[in-house]
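Visitor: Each chain, letter by letter, is given below.
Number of protein chains: 2
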Amino acid sequence: MNNFEYFAPTKVVFGKGTEKETGRLAKEFGARKVLVHYGTGSVVRSGLLDRVCDSLKEQGLPYILLGGAQPNPRLGLAREGIRICREEGVDFLLAVGGGSVLDSAKCIGYGAANEGDVWDFYCRKRKAEACLPIGCVLTIAATGSEMSDSSVITNEDGMIKRGYSSDYGRCRFAVMNPELTYTLPDWQTMSGCTDILMHTMERYFTKTPDTMLMDGMSEALMRTVIQNAKILHENPTDYDARAQVMWAGSLAHNGLLGCGNETDWASHQLEHELSGMFDVTHGAGLAAVWPSWARYVLSEKPARFAQFAVNVMGVTGDCTDPVKTALEGIREMERFFHEIGMPVNIHELGYDLTDEQIKELAYKCSFFGTRTIGGFKVLDQEDMVRIYEAAR
Amino acid sequence: MNNFEYFAPTKVVFGKGTEKETGRLAKEFGARKVLVHYGTGSVVRSGLLDRVCDSLKEQGLPYILLGGAQPNPRLGLAREGIRICREEGVDFLLAVGGGSVLDSAKCIGYGAANEGDVWDFYCRKRKAEACLPIGCVLTIAATGSEMSDSSVITNEDGMIKRGYSSDYGRCRFAVMNPELTYTLPDWQTMSGCTDILMHTMERYFTKTPDTMLMDGMSEALMRTVIQNAKILHENPTDYDARAQVMWAGSLAHNGLLGCGNETDWASHQLEHELSGMFDVTHGAGLAAVWPSWARYVLSEKPARFAQFAVNVMGVTGDCTDPVKTALEGIREMERFFHEIGMPVNIHELGYDLTDEQIKELAYKCSFFGTRTIGGFKVLDQEDMVRIYEAAR
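Residue numbers (our numbering), protein chains in the order written: chain A, 1 to 392; chain B, 1 to 392.
So here's chain A without its partners, still in its complex pose (with noise of 0.2 Å):
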């Protein structure tokens, strides 16, 4: 096990009925004037943004309304937002809805405490040193966002996605009601487990040694979360099942799962770069690169893939043959993709990619060249070409 630090500060109000606390939480944490970011329609339509209202209403909280979050946010939205801020003196981020509205208020709460263009952070250019307030009431389990110190964010000049982490982003509270995902679309329910099972798929996929708690917790996840994506499937308003898959999409993300371990992070990496030119949905879009990511890198360390295979996917292991039982196990993930409606390449996805579009992600991926990815196997430029080829 590796040396570690683990800091998930964000109280969580999870069950039925919760989001009637948001009022008295946003007062608990310090908020007097407060801006309540959300996305399209939906919050609206469903009287969720309503009853949050209210509830702030309740405390005698003044806030102001920002709408118009989309999936993959925006840089030109926050830029909007971080306006707002400044010149309305908000001091509390209040984020309703899914992981997109959730970073774009991070990228917000940034950009509001920090001098200077946001979109230096997410350059890496320089460092935040602070971020206004957050608290969500969250209405997809997927991006882990609620409890995670990560943000993802699109310019628009040059389709560019880049995330950002850092611990001051990370939610004060965050309100949990599994009710309020009954509604989502399956594709997007789908999406988000498969997006869960990544992030913890992205940590558990490590060379480090000696990660037998980390390695068991996390089998644990993605058995569940497999378990339930399969009911959720079958049966979106199923209480339970929604509620384990909320849960387990906060754990997945919230920094304890990759305790001592090296993490990963290709896949991911991989994706952005996709939905970053196509707008394709995160955890289809992960989906659709895992795959032909594992085969690649599987050579590394055949006995992980074989733990995997046997610990989560339920293969009966092969003790003289590792790569095979590892094989198998990535053929189970592909079953269970294709189970839940996610593709499991590219052309599935729906892009039939061109040579060049895979010299142009593989361009973009390695930040023209400058950077490699992973850590289970480190890749070039020219590793992240053959991935994609694979792959489409």
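Possibly wrong hints are sitting among the right ones.
Example chain B residues on the side facing chain A (calculated, C-beta under 8 Å, incomplete) [as the list claims (entries may be wrong)]: (1) Y6; (2) A8; (3) M212; (4) G216.
Note that these hints are calculated values from the structure, not bench results. We put the CB at the ideal spot given by N, CA and C, even for glycine.
With chain A held as given, fit chain B onto it using these hints.
Guide: Leaving out everything else, chain B in the frame of chain A:
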């Protein structure tokens, strides 16, 4: 899954050499004048106290030393600490030691930050509204006090042991270097491992349905502690086994694994009276009580104990007879306790209880006949008598 709140804001800094970070962390969390609280000689003899104080000096942080905290920490010393904090203007507590030192520090923190008598909180007469901020350097994996909201104090007047839980008392940071636990006597290490297991089991034995994620994570943690306790019983300086157990100790009691479960805590409460009367080691006391509790309550939900038997203790399940499987799991746990030198009844713990003593224990444990204990099965004073009788 029930509704729940989860809040574990402690920043964990884990691994080799991390005690050198103590001063930096204290400063990061706002310390200006520190009370360094510790126990008896070992942290002095090992040089740990000097290294920690050096890191405070490097940050220019003035500090006052208060040693003398003992196992089952006493109210008297905490009152002395409260007096010092008030007179000297201490604004940060640094606990260097194990659960007893930490619990003593929490008691000091509550007393120094609130008016009136600190014992009121432990008697449940009123609730603390603040606590001095606390950091810790942990020297034993056991109580989980480094991330938990709980503390346990013994009032010398009547030798009454009482716990108090509040989010205010959670540590701001916890420095955890597994190497610091190498020199612990085997008895302490194994009692610690037992305590960690029991923190998990108190949450795991629940009748709440649909707890798949927490079940799987708890089972992984218990398997990890059982396997690594056996390793440490043979080789106390195995770093990775120390590390697995230490991290498990924090996760077993930071609130995570009970999320959405109705919890139990009867074994802990039965043991508190034992160690109040006899000053036994907490973990060993739990091992002496648990098997009798388990057999007494098993019929409430045999399937739960059968699941434990199969998924944690490696028993081959007999689907036609869950009670048989359940009982075999309890016997396997007793075999494990014996293998690591723990008792499985109060006689083996070193005490032969008289009928009068059993009556007194049950009388105190029921708060003089005014409360029941337990969630898996609610136990009244008469039930407590029967479990103590079975355990003697």
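Visitor: Decide, hint by hint, whether the structure agrees.
Guide: Outcome of the hint check:
1. Proximity of Y6/B to chain A holds as hinted, the smallest CB-CB distance being about 4 Å (cut-off 8 Å).
2. The interface hint given for A8/B is met, as the beta carbon of that residue sits about 7 Å from the closest beta carbon of chain A, less than 8 Å.
3. Evaluation of the M212/B hint against chain A yields a held restraint, the C-beta minimum of about 5 Å falling below 8 Å.
4. Because the beta carbon of G216/B sits about 3 Å from the nearest beta carbon in chain A, less than 8 Å, this interface hint is met.
Figure legend: structure checked against the earlier numbered hints; every hint is met.
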